[in-house]
Structure formats: structure tokens, C-alpha cells
Amino acid sequence: MDRQLDTGIETGLQFFGKMTASISHEIKNVMAIINESAGLLEDYSLMAEKGMPIDPERLRVVSDRVANQIRRANGITKNLNSLAHSVDEFQKSVDIKETLELAVGLTGRFADMRSVILDFQPPSDFPAVITSPFHLLNLIWQVLDFAMDASGAGKRVELTFEAGPTSVKIRFTGIEALTNVPETVFPTAKEAALLHMLGATIHQDAEKGEINLVLPKDVRQQVTAES
Amino acid sequence: MRILLVDDEQELVETLAERLGIRGIEARWATTGDTALERIDQENFDLAVLDVKIPGISGIDLHKKMKAKDPGLKFIFMTGHGSHDDFTAGSAETGADYYLLKPVNIEELIDKMTKLMTQ
Chain A
3 MDRQLDTGIE TGLQFFGKMT ASISHEIKNV MAIINESAGL LEDYSLMAEK
53 GMPIDPERLR VVSDRVANQI RRANGITKNL NSLAHSVDEF QKSVDIKETL
103 ELAVGLTGRF ADMRSVILDF QPPSDFPAVI TSPFHLLNLI WQVLDFAMDA
153 SGAGKRVELT FEAGPTSVKI RFTGIEALTN VPETVFPTAK EAALLHMLGA
203 TIHQDAEKGE INLVLPKDVR QQVTAES
Chain B
8 MRILLVDDEQ ELVETLAERL GIRGIEARWA TTGDTALERI DQENFDLAVL
58 DVKIPGISGI DLHKKMKAKD PGLKFIFMTG HGSHDDFTAG SAETGADYYL
108 LKPVNIEELI DKMTKLMTQ
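One line per chain: the protein sequences are A and B, in this order. So for the first sequence, the numbering used here puts the first residue at 3; every next one is plus one. So for the second sequence, the numbering used here puts the first residue at 8; every next one is plus one.
The following block holds chain A by itself, in its conformation from the complex (with noise of 0.2 Å):
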């Protein structure tokens, strides 16, 4: 149980240090391509100055870029401020699609660093859960690390979830390589503390190529059940 406990929390740190060096890479960039427009904008400048004639759609198209990746570090930091406050109460009630959208857009960059995409469709009924907002996120992000490993040539991890009267069951599907993946691969043990956590289970069906995450939709209660 302790082992379990300290490996829960392992995995949670090594999580939150991989998600906010992936943002602080993500904010690097945008700044690199401000940094860049700004360079640009004085070149013009100069390029002024000396006669030439500057065409205004020029400045435009660097205005747009400027104003595009200030959209973007909005995204970005809205991000890791939802991140940060995911640790404020260790309980609570979470809303399922909100989380889901953090979820993808936290492992984006990952994606995309894969060439795979990630097809987030939530149904129109979204279900509140009362859970560990932090450790939801760490074992969505845990099962979409793997799932997009093994996403096989299709190289599309889809993304959906659907509530019952007590749980809520996430599912990932396209996971194509699923069925070359020994069983004993996934869940890890950092799995395996954080369904523990969170009192979730895990199911593989490696022919649909698909992963279930099922909730309690009260983490109290199931905890309170098993014990």
C-alpha cells in the first residue's frame, strides 16, 4: 500500500515536471516567433528609412502572426494555470469534458512531436465527478502516452465518454497496435497506483484496439465501499 502511495506520487511529480517543460518549450517557441516579428518590423523600419517602399499587406501579415501567438501563449498558459490549480483540493467535483480538453491540450505538443492526432468527441450530456482533478489528469495523460504509441499506422488516438448511474467510463480508441502489445506492458505500476488512487479500473480490448478508463462518479463512496 505504502509502495503504491509513494509510486503515486512519483508519478505525479515526474507528470507535473513533464507537462510544464513541454509548456515552458511551447512558450519558448512562441517567443522565438515574436521575437522574430519584431526583428522583421525593424527591418522594415530600416528598409524605410533608406526610400524603399514597404507594401502595408507586409506589415499586416506580421501584425496577424504577432497576434496569433499571442492568442496561442493565451492557450498555453491558460493551460498550466488550470494545472497548477488542479492540486488546490485534492477532491472535488470535476467536470469530465473540461478535464478531457486540458488532458488533450496538455499532451498536444506530444502529439504532434508523434505525428499523431488526437480526436477529442465529447458527448452532448457532460457528467460532474467528484475525484482527484490532479491524478485524473495524470493517468488520462499515463493511458494517452501509451495509446498514442501504439496508435499503429493510423496514427489517430480518438477520444470520447459516456455516464452510467455510478461511473463514468472514458474511452480511447484507434489504438491499432494494440494487439501487438503484450497485456503485461500496460497498465505499469504507475498506472496501477493511480487507478488505485482514484479507485478506477482499467480495461483493454486489444481487437477494437480500445482502452477504458471507468470512474466511480464519487470517489468518497467507492473508497468508503472498499474499505
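Careful: at least some of the hints might be erroneous.
[Stated by the list, open to error] Estimated spans, in silico, between C-beta atoms of each pair:
hint, chain 1, residue 1, chain 2, residue 2, range
1, B, GLY63, A, GLY77, 22 to 32 Å
2, A, LEU61, B, LYS122, 31 to 41 Å
3, A, SER95, B, GLN17, 36 to 46 Å
4, A, ARG62, B, THR42, 41 to 51 Å
5, A, GLU91, B, MET124, 56 to 66 Å
6, A, ARG62, B, GLY63, 29 to 39 Å
7, B, LYS71, A, THR168, 50 to 60 Å
8, B, ASP41, A, LEU15, 46 to 56 Å
9, A, SER95, B, LYS72, 42 to 52 Å
10, A, ALA194, B, LYS74, 37 to 47 Å
11, B, THR121, A, ALA191, 47 to 57 Å
12, B, LYS74, A, SER95, 52 to 62 Å
[What the hints assert, rightly or not] Below 27 Å or equal to it, Euclidean Cα-Cα: the simulated DSSO-like pairs (lysine-lysine) are:
hint, chain 1, residue 1, chain 2, residue 2
13, A, LYS157, B, LYS71
14, A, LYS80, A, LYS52
15, B, LYS74, B, LYS122
16, B, LYS74, A, LYS20
17, B, LYS76, B, LYS60
18, B, LYS122, B, LYS81
19, B, LYS72, B, LYS119
20, B, LYS81, A, LYS30
21, A, LYS157, B, LYS60
22, A, LYS30, B, LYS119
23, A, LYS20, A, LYS99
24, B, LYS122, B, LYS71
25, A, LYS30, B, LYS60
26, A, LYS80, A, LYS94
27, A, LYS52, A, LYS30
28, B, LYS74, B, LYS119
29, A, LYS157, B, LYS72
30, A, LYS20, A, LYS30
31, B, LYS71, B, LYS81
32, A, LYS30, B, LYS71
33, A, LYS210, A, LYS171
34, A, LYS99, A, LYS80
35, A, LYS20, A, LYS157
36, A, LYS80, B, LYS60
37, A, LYS171, A, LYS99
38, A, LYS30, A, LYS94
39, B, LYS60, B, LYS74
Keep in mind that the hints were calculated from the coordinates and are not lab data. Because the structure is a prediction, the values reported are computed rather than measured. Heads up, the beta-carbon is just placed ideally off N, CA and C, and yes, glycines get one too.
Here the structure of chain A is known, so what remains is to put chain B in place on it, guided by the hints.
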């Protein structure tokens, strides 16, 4: 001097290419490893500026593939990861001629390019 810029951030390589063009340096760009390899099949370049992390392939692996196609090609790496250890480890592993940190100072980039081309 003909340069190939490779980075998945299209707006970055487009802007950098235009700024180099203003300074009389002909620069083309690619946002994926496959496109970069296609470009060096189609055109001659003196130097490639690569991001360390490119979708689908690491900059280090791309460097090896490009070097195999054009052994005379020189390389400068760009990275957003700023620690000295990353820098040293990356240089040792790749044998890259120079490493530059993002955001790149264009005058420093041109200085490194010029040094490489006159070596």
C-alpha cells in the same frame, strides 16, 4: 550561401527566411523531416539550421539522414532547451557545428553561418 531552415514552427522559419533574405542570404524552409529530405534531394544547400525536436523524427536522426544524402552539408542546431548540459550533450551526440538557443539572435546566426562557410 543557400540555407535550409527546418523547424515545425512554420511562422518561425517563414519569418527567419524573410529576414535572412533581406540580408542577401537565400533561405528555404521545411516544417517536417520528410520535407527537409525532399528539399535536399531537389536543391543544393550549403548549410542547414535544424530544430532539435521535429515531429516524427529527432533533429539528431534527421541530421544523420541529411548528412548521408549530402556529406558536405554543414549544420547549426536550434533548441528551446536552455541548460548548459543539454547544450553540451547535444553537441557531443550530434557533432553539430554550432548550437543556438531560441529565441535566436539573427546577427549571431549569420555570424555562425559565415564562420562555418569560411572554415
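Status of each hint after checking the structure:
1. B/GLY63 <-> A/GLY77: 22 to 32 Å: 23 Å, holds
2. A/LEU61 <-> B/LYS122: 31 to 41 Å: Because 33 Å falls inside the window, the suggested range holds.
3. A/SER95 <-> B/GLN17: 36 to 46 Å: 40 Å Cβ-Cβ, so the 36 to 46 Å window holds.
4. A/ARG62 <-> B/THR42: 41 to 51 Å: Violated, since A/ARG62 and B/THR42 (Cβ atoms, about 27 Å apart) do not stay within the stated range.
5. A/GLU91 <-> B/MET124: 56 to 66 Å: Given about 58 Å between the Cβ atoms, the range holds.
6. A/ARG62 <-> B/GLY63: 29 to 39 Å: 33 Å, holds
7. B/LYS71 <-> A/THR168: 50 to 60 Å: 54 Å, holds
8. B/ASP41 <-> A/LEU15: 46 to 56 Å: 36 Å, violated
9. A/SER95 <-> B/LYS72: 42 to 52 Å: The hint (42 to 52 Å, Cβ to Cβ) holds, given that A/SER95 and B/LYS72 are roughly 51 Å apart.
10. A/ALA194 <-> B/LYS74: 37 to 47 Å: Hint holds: Cβ distance 44 Å, inside 37 to 47 Å.
11. B/THR121 <-> A/ALA191: 47 to 57 Å: 53 Å, holds
12. B/LYS74 <-> A/SER95: 52 to 62 Å: Given a distance of about 55 Å, which is inside 52 to 62 Å, the answer is holds.
13. A/LYS157 <-> B/LYS71: The hint holds at about 25 Å.
14. A/LYS80 <-> A/LYS52: Status violated; Cα separation ~43 Å.
15. B/LYS74 <-> B/LYS122: Holds, at about 19 Å.
16. B/LYS74 <-> A/LYS20: 31 Å, violated
17. B/LYS76 <-> B/LYS60: Holds - the C-alpha atoms of B/LYS60 and B/LYS76 are around 20 Å apart, at most 27 Å.
18. B/LYS122 <-> B/LYS81: Holds, at roughly 11 Å.
19. B/LYS72 <-> B/LYS119: 22 Å, holds
20. B/LYS81 <-> A/LYS30: 25 Å, holds
21. A/LYS157 <-> B/LYS60: At roughly 19 Å apart (the allowed maximum being 27 Å), B/LYS60 and A/LYS157 satisfy the hint.
22. A/LYS30 <-> B/LYS119: Measuring from Cα to Cα gives roughly 21 Å; hence the hint holds.
23. A/LYS20 <-> A/LYS99: Given that 27 Å is the threshold and the Cα spacing comes to 22 Å, the pair holds.
24. B/LYS122 <-> B/LYS71: 22 Å, holds
25. A/LYS30 <-> B/LYS60: 13 Å, holds
26. A/LYS80 <-> A/LYS94: 20 Å, holds
27. A/LYS52 <-> A/LYS30: 33 Å, violated
28. B/LYS74 <-> B/LYS119: 19 Å, holds
29. A/LYS157 <-> B/LYS72: Answer holds: A/LYS157 to B/LYS72 is near 23 Å, not above 27 Å.
30. A/LYS20 <-> A/LYS30: Answer holds: A/LYS20 to A/LYS30 is near 15 Å, not above 27 Å.
31. B/LYS71 <-> B/LYS81: 11 Å, holds
32. A/LYS30 <-> B/LYS71: With Cα atoms ~26 Å apart, A/LYS30 and B/LYS71 stay inside 27 Å; holds.
33. A/LYS210 <-> A/LYS171: 16 Å, holds
34. A/LYS99 <-> A/LYS80: OK: A/LYS99 and A/LYS80 at ~16 Å, within 27 Å.
35. A/LYS20 <-> A/LYS157: 22 Å, holds
36. A/LYS80 <-> B/LYS60: Roughly 24 Å between the alpha carbons, so the hint for A/LYS80 and B/LYS60 holds.
37. A/LYS171 <-> A/LYS99: Distance of about 12 Å is within 27 Å: holds.
38. A/LYS30 <-> A/LYS94: Judged against 27 Å, a Cα distance of about 33 Å means the pair is violated.
39. B/LYS60 <-> B/LYS74: Holds, at roughly 17 Å.
Figure legend: structure checked against the earlier numbered hints; hints not met, in rising order: 4, 8, 14, 16, 27 and 38.
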